[in-house]
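Construct the complete structure from the given sequences, taking the supplied hints into account.
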Amino acid sequence: MKYSVLLFLPFIMLLSFASAASAQDGEYPSYQVTGFMQQHFSWEHDSDDPAAFSIHRARVGLTGSLTDMISVNIVAGAVEPPDRTPRLVNGFVDLDLHPMLTVRTGQFLVPFGLEGPEPIFRNPAIERTETIQRLNVHAMFRDIGIQAFGSHENVTYAIALVNGTGANNPEQIDPKDLLGRFGYQASSELNLGLSFHIGQYPVGNVERDRFRLGVDATYRADELLLRGEYIFRKDQRVGTSDRDHFGGYLLAGYDLTDELQAIARFEMLHPNSDADFSDAGFTSITAGLNYYFQGHNRVSVNYEIRNDRRSQHDPGNLLTVQMQVAL
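With mature numbering (1 follows the signal peptide of the UniProt record, and there is no 0) as the guide, the letters of the sequence shown map in order to residues -23 to -1, 1 to 304.
Derived from the structure by calculation, the hints contain no laboratory data. In this text, a Cβ means the ideal position worked out from N, Cα and C, and glycines have one as well. One or more of the hints may lead you astray.
[What the hints assert, rightly or not] Restraint-style ranges between C-beta atoms, simulated for each label pair:
#, residue 1, residue 2, range
1, Q162, D186, 31 to 39 Å
2, P76, N182, 44 to 52 Å
3, A163, P76, 38 to 46 Å
Rendered as structure tokens:
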């Protein structure tokens, strides 16, 4: 507890300084409404679940600036998957000190990989890959803590110290999780990334280590988009060998017109220590179309061919139609 208080003292002092420096500006504070809604129609082949219309996500909140250096983001979800319960989504404050340094505190998307830190309404597919969701350890891909991020020329970075229990969850153990991502713009078309995560998690009355390492790449040229991730995750266990996971995906998108985009995605996950994907536990192929009628407002159709060898209930193929409206 003492360590956490000392950690936040420099931020509190900087926050006070920034508030005093900008108090004379009449244009602040300034806020705007943000949010989005995703309506779904879903049908799963060979499933006892009926085809259904649903509100998959519905979020609304405020973003804005308190001063020229301090901004805030507060977003709540009225409906959040998987159990359709209300949750706090974002609740953070940014202190913009320099192009190379912004300090963020609160509940935020943790900086690991591509799909995780990306707001879901920007994903070319309707949902994040199942592989990335299973390799993730943070509820809603978010956690509570402090983060520093910035950029210089072709390099970006983001490093965070968080509880490790995920969004809206109380801390259970004293050690905090350290994670981050470093990005490099190799050319105007190609961006490369390296992510790490070092932390601990409780197993009964003991604490065990966990570790993740990820690489990612994004290539965009004219109408073509290619991006992918590969992640290794190791969980230390009690009384048995460590559990290793390997997984990744590749997504391709092509703009057929200014409004219409076609996508294809392949993903796989191997939950054993052997990185040979010849016997992957989970695989999925997704084909889809996105029609953008304004900004991030779109109608999307995804069809997923799924195979889960390690599940007692092998999922059937899934058809999802989505209407997304962003404020």
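Review point. Which numbered hints does this structure break?
Key: 3
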